[in-house]
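Trainee: Sequence:
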Amino acid sequence: MIIGEICAVSSYSKKYFMRKSMYDQLSKKFKKFYFINCHYLVDKENIKIEKEIKSNKNIFFFHPKSYKELNDFLKIHKIFLINNISYKFYHLKIHMLLNKKNVFQVQIDNLGEMTSYYIENWKSVDIKKKFYFVYLKRIPLIIYKILININIIKPIDILYLARKDIKKNYERKKSFNLFSKKKYKVIKPVKPKLNLGFDKNLKEKFIVFIDQNLNHADSILRGYELNTKEQKRYFYLINKYLSNLKKIYNKKIIICLHPSSNVGLYKNNLKRVKIVKHKTDYFLSRAFVVVFHDSSAILRAILQKKRIIQLTYNNLGNLTVDRGKIYQKFFDFYVDDLNSIKDINKKRLSMTLNLKIKNYTNSLRNIFFIEDKYKDINEELIFEIDKFKCKKLN
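Here the working numbering = 1-based position in the sequence shown + 8.
Take these hints with a grain of salt, some might be off.
Ranges of calculated distance between the beta carbons of each label pair, as one might list FRET restraints [what the hints assert, rightly or not]:
hint : residue 1 : residue 2 : range
1    : Pro163    : Met9      : 14 to 24 Å
2    : Lys83     : Lys131    : 36 to 46 Å
3    : Tyr244    : Lys56     : 24 to 34 Å
Honestly, the hints are just simulated from the structure, not real lab data.
Beta carbons are placed, not taken as given, at the ideal position from N, Cα and C, and that holds for glycine.
Construct all of the structure, not just a fragment, from the sequences and the given hints.
Mentor: What follows is the structure in structure tokens.
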């Protein structure tokens, strides 16, 4: 029996570290965990495997060089699969090959991202890109639904979902589609991703800035890219703001880079600060104040009741600004504008940040499945895999 994830990525860096505790626990519990990476099938590029991921001897990699090779692999084994393949035209053949009786498929949406299709694919782009995103995302989704209804593609067996509002939307759509097959057979609530190694007794030693990559691929695709001069301006402002916080709180600054950020670019522009990658959870648990623009990682800071400052900066583009407004709508963070930095009053700021923390719990309960009766994704997957193994043995 194979337990693993099917994906299509050129590098495992972002994928692995985003859910490191889950992959490590599954590979330890079941001795073998496979990444079935189909990137080469579409892009014909070699796949990079980082050293730290290779060091886990219980993680195995299968990179098919042809659809026949993938098909043979799927036919031979009984498989429990986390399906992380997008619903786009160029992945259609992969989904069709997954239409096997011996493949049990689940999907996971537990990162707590505050996304909006309208903002990301409509409001923030020009008319040409609007049509492009309709072709890239909306039309394929319609085709996939048709193929599910005529049994060419299998529905996903379980969707693990952390957001209450999204689950309600699925249930609402279900009531209007009584005569069509569902994309997901079962939708199970699950707690949002937590920092499982968090030690409540640790001292709050750092001012932590969660980077989002100032030239993220999502922003560039939508026409927002900072040139060299604008980058210099941004780094000057962010350095000035963080230095002001350091001065009043006497805490060390830690910049936690987005997995896609260029380490050299940040180190060349931000001197005398510690810059790290793939250690966001570690430093969030030790943060006195957390600063961010737009990042799903902020959810862990909220769950740990951290003091949070949200920075706005219009030059990062409408996508980042509008995503930030979604977080502001739900959590009412303290907000500062990088374009109008003012002197920070320590007493007033501290009092405001501490008051904001009191609102976190109510907001979290309204949005996420955080109550004790819900399990985290690791517990849910282990339970379901054990159940799947028992069925196959009987």
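Trainee: Work down the list of hints and note, for each, if the structure agrees.
Mentor: Outcome of the hint check:
no.	hint	in the structure
1	Pro163 to Met9: 14 to 24 Å	holds (21 Å)
2	Lys83 to Lys131: 36 to 46 Å	holds (45 Å)
3	Tyr244 to Lys56: 24 to 34 Å	holds (33 Å)
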